[in-house]
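Undergrad: One letter stands for each residue in the lines below.
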Amino acid sequence: MENKTMEKATDPAVEAGLERLTRDRIINTINQVLEKETGARFKTYVETCMRCGLCADACSYFLSNDRDPSYSPAAKVKQTVWEMIDKKGDVSKDFLRRAVHICHLECNVCRRCSMYCPFGIDIAYMMLMVRRICHKLEITPQYIQDTVNSHSVTLNQMWVKEDEWIDTLQWQEEDAREEFENLRIPLDKRGADLMYSVIAPEPKFQAGLIYQAAVMMHAAGMNWTMPSMPGWDNSNMAMYTGDNEISGRIARTFYEKAAELGVKRIVMGECGHAFRSIYDVGNRWVSWGMPPFEVVHALEFYHELLTQGRITIKEKYGKKVTLHDPCNVSRGRGLHDMARRVVNMICDDFVEMTPNREHNYCCGAGGGVINCGPPYKGERMVNNRVKAEQLKATGAEVLIAPCHNCHSGLEDIVHHYELGMEVKFLGDIIFETMDKKVYKGK
Amino acid sequence: MNGFIDFIMGPMVWISFLVFFGGLCWKLAAVIREIRETEPYIFTYLTLFHSLRSIGAWLIPFFPRSTRQQPIFYGISYVFHLALFAVPIFLSAHVVLVEEAFNISWPVLNDGLADLLTVVIIAALVFFGGRRIMVPEIKFLTSAKDFVLLSIVLLPFLTGFLAYHQVVAYRWMTIIHILTGEFMLIIIPFSRLAHMITAPLTRAYTGSEFGNVRHARDW
Ligand code: SF4
Ligand code: SF4
Ligand code: SF4
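Protein sequences, first through last, are from chains A and B. Read left to right, the first sequence gives residues 1 to 442 (my numbering). Read left to right, the second sequence gives residues 1001 to 1219 (my numbering).
A couple of the hints might just be wrong.
Stated by the list, open to error - Derived pair list, reagent style DSS-like, types lysine-lysine, alpha-carbon separation capped at 25 Å:
#1 A/Lys87 to B/Lys1139
#2 B/Lys1027 to A/Lys88
#3 A/Lys424 to A/Lys314
#4 B/Lys1145 to A/Lys87
#5 B/Lys1145 to A/Lys43
#6 A/Lys93 to A/Lys377
#7 B/Lys1027 to A/Lys43
Stated by the list, open to error - If you want the ones that stay clear, here's a sample from chain A, every Cβ over 12 Å from chain B, calculated:
#8 Ala9
#9 Ile27
#10 Arg190
#11 Glu256
#12 Arg265
#13 Leu305
#14 Arg341
#15 Lys377
#16 Glu389
#17 Glu397
#18 Asp412
#19 Glu432
Stated by the list, open to error - Some chain A residues well away from chain B (every beta-carbon gap over 10 Å; in silico):
#20 Lys8
#21 Arg20
#22 Asn31
#23 Asp90
#24 Thr154
#25 Pro186
#26 Asp193
#27 Lys204
#28 Lys264
#29 Glu304
#30 Thr307
#31 Glu315
Since the hints were made in silico from the structure, they are not lab data. Since the model is a prediction, treat every value here as computed from it, not as a measurement. Yeah, the Cβ is synthetic: ideal placement off N, Cα and C, and Gly gets one too.
Please take these sequences and the hints and turn them into a complete structure.
TA: Structure follows, in structure tokens:
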């Protein structure tokens, strides 16, 4: 944790990108984005900020780095946006190297700081604008750019080919049928009540989660479907790199798939960023004020299944659990109280972490930070010490994280700080504790 | 000399107030026009209820969590902002001037209290300046401009205080007091001091995003 002067990590994509840049291109790109793609809102944020530093205490980066001033939210704006404006875009490559790092790796765009600034200035939005500039300058970190390339080619994040996707679903269905006769994972079922969608890492690495979801759907007797064609992946990394054009394509394909299937609503797996992209961001880019479908996060869906008695819990989970409120479904959708109701319905021994609900600290992985990949993992661990301290203070054995990003980020934290906790999805616990009765359809 | 004094106490007062009010209105109009032209979606998300809810929540002393984490700063800041408006508007010397000119008047602050509040304002400004030097995360954000802004607000109150107590060069103090007061009014719309009008706008938007779209609270 000493070594503050160490060069911040960077990667080949950033370096090669910087190499290619000319002064003209830098100036033109920055000014184009600042003048044409932002407006009154951005300007007002910059002009209204009183440089009072009150947002500092909101940010886990600032707190984890022993209150290093360069990590405060406003400081991130100062070191990027203010200088770009002051110099009218005429900034150096070294400046840009630092700017890429700040906007991609030192901000989870978690919006916690908006709740601490007396004026509600949206620093996350400004950091996303800086990412937009980096995207246009082609200096986006390698790993996250690769996921965007994958989106662009395959419309999913993980280069999952169409046949692989269908194979995976069929394989999960087959496996499940050994235990549950008649279980189906219905593909492209028109007019189903709901379309279930997941992020690409599920079929790629965690197919068991699809299995669990299918068992729940089966037990609850839902009329559901999954799309067999592109549009099944609800994640959207382009939203985090500022590649708005691809981000829009992803969102449009997703909604179109749901429209084609004529479903009544969309149920999303437990992923916070995917939820943000479908509920809050993608819809705006394709010009819908609010999504054209009812978009339900897994957590809301579980709540519904449990309260309607469609799923019953045989025996509550006994271990001591705590709950991480993912920014994108608590601060991003107000689901924190519902999350607690679900946890209490399925677990016996629940302990809060503090701060919690809207005030929870980000897992440190969100906003595309973890997706920037291995070169930056060490930093990520240092930058999120407060999360480790917060987790440790709960004394819980099991940490529930109803978000994929949080899950991976928290697992890293738990290992790095040797917290000895097990990280679980809500779905994992429901699956473990539910009455897996076989639903007999007519 | 008398001509000059007549000018700064006559036409210049008018000019300053015109620039002050006109400038703020222009600023507001410019923001709204720009939103209409380039970001009309902002109106889609803005709701009166959530805007007022958010602004209201932040007006209640020590209600937002951030204000409770920084009680000293916010405590001083609340009192400072109240006094900043109360003293110039309700100072008996000012009200008398208005009464002489327009024959309208309103209740005034007791002189002793006004004097005390002026000291509070000056002390608060010194505090704001001090924390810019002493607290690392604020120092990092601070530039010379911030001290200029603090001084612009400080001067009319400091000189007014000195003039009232007739410590030194009463006549000159009064002149400087008037000039700096006018200067402050003129500069407000064109500087970050315009947060008196833009802050409710940013708060309203954030409040609406949080409340209307994200169903969460922003305090
Ligand atoms: S959005 Fe979150 S991570 Fe980014 S500056 Fe604000 S508090 Fe820190
Ligand atoms: S709290 Fe708000 S006004 Fe103060 S420095 Fe941070 S962003 Fe600027
Ligand atoms: S990964 Fe989880 S905690 Fe982190 S920003 Fe996303 S939702 Fe928030």
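Undergrad: Look at each hint and say if it fits the structure.
TA: To see whether the hints hold, each was checked on the structure:
A distance of roughly 21 Å separates the Cα atoms of A/Lys87 and B/Lys1139; the hinted pair therefore holds under the 25 Å criterion. For the suggested pair B/Lys1027 and A/Lys88, the alpha carbons sit about 22 Å apart, so the restraint of at most 25 Å is met. Restraint check for A/Lys424 and A/Lys314: the C-alpha separation of about 19 Å stays at or below 25 Å, so the hint holds. For the hint pairing B/Lys1145 with A/Lys87, the CA-to-CA distance comes to about 16 Å; that is within 25 Å, so the pair holds.
Between B/Lys1145 and A/Lys43 the CA atoms are separated by roughly 18 Å; this keeps the pair inside 25 Å, and the hint holds. For the hint pairing A/Lys93 with A/Lys377, the CA-to-CA distance comes to about 24 Å; that is within 25 Å, so the pair holds. In summary, the hint linking B/Lys1027 to A/Lys43 is supported, as the alpha carbons are separated by about 12 Å, within the 25 Å threshold. Distance check on A/Ala9: its Cβ is at least 23 Å (rounded) from any Cβ of chain B, clearing the 12 Å threshold; non-interface status holds.
Interface exclusion of A/Ile27 from chain B stands, the closest Cβ pair being 22 Å apart, more than 12 Å. At the 12 Å boundary, the C-beta of A/Arg190 stays outside the reach of chain B, the nearest C-beta of that chain being 31 Å off. Interface exclusion of A/Glu256 from chain B stands, the closest Cβ pair being 21 Å apart, more than 12 Å. Every Cβ of chain B is farther than 12 Å from the Cβ of A/Arg265; the closest lies at roughly 17 Å, confirming the non-interface assignment.
At roughly 21 Å from the closest C-beta of chain B, the C-beta of A/Leu305 stays outside 12 Å, upholding its exclusion from the interface. For A/Arg341, the shortest C-beta to C-beta distance to chain B comes to about 15 Å, beyond the 12 Å cut-off, and the non-interface label holds. For A/Lys377, the non-interface assignment is confirmed: its Cβ lies about 26 Å from the closest Cβ of chain B, beyond the 12 Å cut-off. Its beta-carbon lying about 17 Å from the closest one in chain B, A/Glu389 satisfies the requirement of being farther than 12 Å from that chain.
Every beta carbon of chain B lies more than 12 Å from that of A/Glu397, the smallest distance being close to 29 Å; the non-interface claim holds. Distance to chain B confirms A/Asp412 as a non-interface residue, since its nearest Cβ pair spans about 26 Å, more than 12 Å. In this structure A/Glu432 is separated from chain B by more than 12 Å, as the shortest Cβ-Cβ distance comes to about 30 Å. Every CB of chain B lies more than 10 Å from the CB of A/Lys8, the least distance being 17 Å, so the non-interface label holds.
Every beta carbon of chain B lies more than 10 Å from that of A/Arg20, the smallest distance being close to 31 Å; the non-interface claim holds. At roughly 15 Å from the closest C-beta of chain B, the C-beta of A/Asn31 stays outside 10 Å, upholding its exclusion from the interface. Even its closest Cβ contact with chain B, about 19 Å, leaves A/Asp90 beyond 10 Å, as expected for a residue assigned away from the interface. The claim that A/Thr154 is not at the interface with chain B holds, since no C-beta of that chain comes within 10 Å of its own (minimum 30 Å).
No Cβ of chain B approaches the Cβ of A/Pro186 within 10 Å, the least distance being about 31 Å, so the stated non-interface status holds. Distance check on A/Asp193: its Cβ is at least 23 Å (rounded) from any Cβ of chain B, clearing the 10 Å threshold; non-interface status holds. Consistency note on A/Lys204: stated as away from chain B, and its beta-carbon is indeed over 10 Å from all of that chain's, at 29 Å minimum. At the 10 Å boundary, the C-beta of A/Lys264 stays outside the reach of chain B, the nearest C-beta of that chain being 21 Å off.
Taking the minimum C-beta to C-beta distance to chain B, about 16 Å, the non-interface status of A/Glu304 holds against the 10 Å cut. Non-interface status of A/Thr307 relative to chain B is upheld: no Cβ of that chain comes within 10 Å, the nearest being about 18 Å off. With a least CB separation of 33 Å from chain B, A/Glu315 remains clear of the 10 Å interface cut-off, as annotated.
Checked against the numbered hints given earlier, the structure satisfies every one of them.
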